[in-house]
Amino acid sequence: MGNPTAERISRDEYFYGHKACAGCGGSLAVRAALKVLGQNAVSVLPAGCMSAVGFNFPQLCFSNNSIISTFAGTASMLTGIEAGLRAKGHTDFTAVGFAGDGGTADIGIQALSGAIDRNDNIIYICYDNEAYMNTGIQKSGLTPFGARTTTTPAGEHIHGNLRPKKNMFEIAAAHGIPYAATASIGYLPDFIKKVEKAAKIRGTKYIHVIAPCPTGWGIAPDQTVEIAKEVVDCGLWYLAEYENDSFTLNHKPKTFSSVEDYLKKQGRFRHLDAADLETIIQSRDKKWAFIEKNFSYR
Amino acid sequence: MSKRFLSGNETFAEGIRLAKPDVISAYPITPQTIVVERLSEMVEDGSLHSEFIHVESEHSALSCAIGASAAGARAFTATSSQGLLYMAECLYYASGGRFPIVMMNADRSTALPWNIYGDQRDSLSQLDSGWIQVYAENAQEALDLALMSWRIAEDSRVSTPVMVNLDGFVLTHTYETVDIPEQAQADAFLPPYETENRVDFDDPKNLAFSAGPDTNYIFKYNAHRAMLAAVPVIAETEQAFAAIFGRRYPGVLEAYRTDDADYVLVTLGSIAGLCRETADRLREQGIRAGVIRIRYMRPFPHTEIAAALKGAKAFAVLEKDISFGSEGTVYTNVNSALQKAGVQLRGANYIGGLGGRNISAGDIEQIFADLEAGADGVHFIGIGGDGNG
Amino acid sequence: MKPYLREKTTFSASEVPQATAFEAGYLVSVNSGWRSIRPVIEPARCIGCEQCYLYCPDGVIAVQNGKAVIDYDFCKGCGICAKICKTGAVRMEAERE
Chain A
1003 MGNPTAERIS RDEYFYGHKA CAGCGGSLAV RAALKVLGQN AVSVLPAGCM
1053 SAVGFNFPQL CFSNNSIIST FAGTASMLTG IEAGLRAKGH TDFTAVGFAG
1103 DGGTADIGIQ ALSGAIDRND NIIYICYDNE AYMNTGIQKS GLTPFGARTT
1153 TTPAGEHIHG NLRPKKNMFE IAAAHGIPYA ATASIGYLPD FIKKVEKAAK
1203 IRGTKYIHVI APCPTGWGIA PDQTVEIAKE VVDCGLWYLA EYENDSFTLN
1253 HKPKTFSSVE DYLKKQGRFR HLDAADLETI IQSRDKKWAF IEKNFSYR
Chain B
-19 MSKRFLSGNE TFAEGIRLAK PDVISAYPIT PQTIVVERLS EMVEDGSLHS
31 EFIHVESEHS ALSCAIGASA AGARAFTATS SQGLLYMAEC LYYASGGRFP
81 IVMMNADRST ALPWNIYGDQ RDSLSQLDSG WIQVYAENAQ EALDLALMSW
131 RIAEDSRVST PVMVNLDGFV LTHTYETVDI PEQAQADAFL PPYETENRVD
181 FDDPKNLAFS AGPDTNYIFK YNAHRAMLAA VPVIAETEQA FAAIFGRRYP
231 GVLEAYRTDD ADYVLVTLGS IAGLCRETAD RLREQGIRAG VIRIRYMRPF
281 PHTEIAAALK GAKAFAVLEK DISFGSEGTV YTNVNSALQK AGVQLRGANY
331 IGGLGGRNIS AGDIEQIFAD LEAGADGVHF IGIGGDGNG
Chain C
1237 MKPYLREKTT FSASEVPQAT AFEAGYLVSV NSGWRSIRPV IEPARCIGCE
1287 QCYLYCPDGV IAVQNGKAVI DYDFCKGCGI CAKICKTGAV RMEAERE
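Protein chains in written order, with the working numbering: chain A, 1003 to 1300; chain B, -19 to 369; chain C, 1237 to 1333.
Heads up, some of the hints might be wrong.
[Unchecked claim] No farther apart than 27 Å at their CA atoms in a straight line, the calculated lysine-lysine pairs in the DSSO-like style are these:
1. B/200 x C/1244
2. A/1202 x C/1238
3. C/1238 x A/1021
4. A/1254 x C/1319
5. B/200 x A/1021
6. C/1322 x A/1254
7. A/1231 x A/1288
8. A/1266 x C/1322
9. C/1238 x A/1199
10. A/1266 x A/1167
11. A/1267 x C/1322
12. A/1199 x A/1168
13. C/1303 x A/1231
14. C/1322 x A/1256
15. C/1238 x A/1195
16. A/1231 x C/1322
17. A/1090 x B/0
18. A/1021 x C/1244
19. A/1254 x A/1202
20. A/1267 x A/1168
21. A/1231 x C/1319
22. C/1322 x A/1195
[Stated by the list, open to error] So these bits of chain C aren't anywhere near chain B, every CB distance computed over 12 Å:
23. 1281
24. 1300
25. 1315
26. 1320
27. 1324
In short, the hints are calculated from the structure, not lab data. The C-beta atom is built at its ideal place from N, Cα and C for all residues, glycine as well.
Whole structure, please, built from the sequences with the hints as guidance.
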């Protein structure tokens, strides 16, 4: 029997033999996106997990043209590659960046904002594993409230990270970007459709994909995909798009699954108490009230 | 060839137009700004067919240029001072990746205290970043270097980025009559950029990768060797330049009346003219004075400096830099050259021009007088010795 | 096409490229040593639905003649395929010494 999603994408593997941890969500996001974009994708990866595991001379794990950028420079290097290839007469290529949450929401946000402002013809994919995982699980601007990291330890006085995630999707949208989307590797066909869509739109495209890290989240390697699905099902993440100046919700859970179950499966949240749980649920409900009000659903 | 009356910045921009970069990415900073303004106008009026990228920072300016170079394009950027320091990470990236980008740096003081005027603490702090560094003395040389730098940088024996330094304001904003070459001359001199260090859809590449302890040092050794290989390439390039444009340049340094000199002043950049005039005047008074203008700080002209200083009684280095807790960086480099060549020579270091402070003919005369009187150690012009003399 | 193992795995000083640019998809080592457990396909149960192929972070599963096959050189034994399989055709077994 055919798999409709598998039929849409390349049978070739562009990211293979890499040294990512077993069950790495980020590597699945990169692999899937490149199977959409194909041989003429030029990928830019900043210092971070995916470059560290994919580019150790002479073990070079991308079969398409790929390059490491500076940590802050994913978007600016994409700009340069796109402009340089265009200046040299190339027309049939896609410049795509894969940066983590820290590389996107923290150190790389300036260059990303500049690229969106210029409306450079690039796809920027943020694979969000919610902390600096390559350096050993430190808090980033996309670490969620309550998460324990090595720089937000959970103890008697402080229960992990005190601040919620930055809203990169709406930050990108606020630039008036031609296309922005959220996704999760737990809903891979949805992510793949969004990459396909991005490839057809001119200008800057931003896709924010949740990509769990078994090591940093404190889950078994075989849980990556399930937990990435569950974060959507319990309403702590959502699948949406922004284009033509408006937001669309792509997936609406009939009822949310248990936030507590989602959190308690992960080592990074195991310390949370009832009050913390209540804070998280309230913040989810507030977000969904905003979505109900401002996003269309179809 | 046409004569025009232009500032250093404007002249340099004319050189860039002639070099036809594919991509220009730059962020404004005083006193570099006029270069990017003129280049923008050239793109607007159609006389320059470059992708002009309005980046949001100097870090992005160079990161973007690296991306363009990795696409096989000829890339240019320009900056100054804080901007150069802000892009420092990318300086090492460009040289380590062997991307032959050309950058213009308007030499300017570094904060703190804030100051927009010229000194060379910005670029001299980046000598270890792996870029070829050349210092122009006047606007014509700056234009000519714009053309020569691309040819040197892109030579397959070199494949190293070049930073062309122009003293802020004194050179960038001073008007001179300059020769603007014809495009046909520039095209004959500077062939299109060809490289295998790029994205290639027929033969895909992984670029700017990691290399562990087993091979990392080899990449660094190769980069070092390539920079050294630039010395003969610079000479060849200047010969080819003279054949087409009729102007001759003296290689990594310019030695002026050093053959029989007792006292030699070593310096770089736009102050060299006043140093030569002063030496001429002193010679009329019977003092055998000479001047060395270092043109290339990297690759550093070790043997050439030692050869030019060998017969002198003493030398001084006049520079717009101080490495706090040590001495001027140029002085350190010159002393290393002498030590390697086995030349025992009394030297003194004069720190001047910081934050744009004027260096007068009188200051320069005083340096020669000091040398005659047996000076050594480190001296701040306008203050005195630093206690290390 | 995909990155594949090459015969030449070490590079002397003179063979190291000048620039940081080299052939894409050049592999010199496998990942099989990472596994403590390995997925084993039971062909009788496999319906060739390609869910395991789609979700494998390492891309080591392909469906050939309607059945999933695994490239054990590069499988890390994460077990996502066993979790995603709706027909129970993937069994995780302890890796033998």
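Okay, the hints, checked on the actual structure:
1. B/200 x C/1244: Holds - the C-alpha atoms of residue 1244 of chain C and residue 200 of chain B are around 22 Å apart, at most 27 Å.
2. A/1202 x C/1238: With Cα atoms ~25 Å apart, residue 1202 of chain A and residue 1238 of chain C stay inside 27 Å; holds.
3. C/1238 x A/1021: Holds - the C-alpha atoms of residue 1021 of chain A and residue 1238 of chain C are around 16 Å apart, at most 27 Å.
4. A/1254 x C/1319: holds (24 Å)
5. B/200 x A/1021: holds (25 Å)
6. C/1322 x A/1254: Answer holds: residue 1322 of chain C to residue 1254 of chain A is near 24 Å, not above 27 Å.
7. A/1231 x A/1288: Judged against 27 Å, a Cα distance of about 21 Å means the pair holds.
8. A/1266 x C/1322: holds (25 Å)
9. C/1238 x A/1199: With a Cα-Cα distance of about 24 Å, the restraint between residue 1238 of chain C and residue 1199 of chain A holds, given a limit of 27 Å.
10. A/1266 x A/1167: holds (19 Å)
11. A/1267 x C/1322: holds (22 Å)
12. A/1199 x A/1168: holds (25 Å)
13. C/1303 x A/1231: holds (26 Å)
14. C/1322 x A/1256: holds (23 Å)
15. C/1238 x A/1195: Answer holds: residue 1238 of chain C to residue 1195 of chain A is near 22 Å, not above 27 Å.
16. A/1231 x C/1322: holds (16 Å)
17. A/1090 x B/0: Roughly 13 Å between the alpha carbons, so the hint for residue 1090 of chain A and residue 0 of chain B holds.
18. A/1021 x C/1244: holds (19 Å)
19. A/1254 x A/1202: Judged against 27 Å, a Cα distance of about 26 Å means the pair holds.
20. A/1267 x A/1168: Since the Cα atoms of residue 1267 of chain A and residue 1168 of chain A sit roughly 23 Å apart, the hinted pair holds (cutoff 27 Å).
21. A/1231 x C/1319: holds (13 Å)
22. C/1322 x A/1195: holds (23 Å)
23. 1281: holds (38 Å)
24. 1300: Label holds. Min Cβ-Cβ 26 Å, cutoff 12 Å.
25. 1315: Given that every Cβ of chain B is farther than 12 Å from that of residue 1315 of chain C, nearest at about 29 Å, it holds.
26. 1320: holds (30 Å)
27. 1324: Non-interface label on residue 1324 of chain C holds, nearest chain B Cβ at 39 Å vs cutoff 12 Å.
In summary, this structure violates none of the numbered hints.
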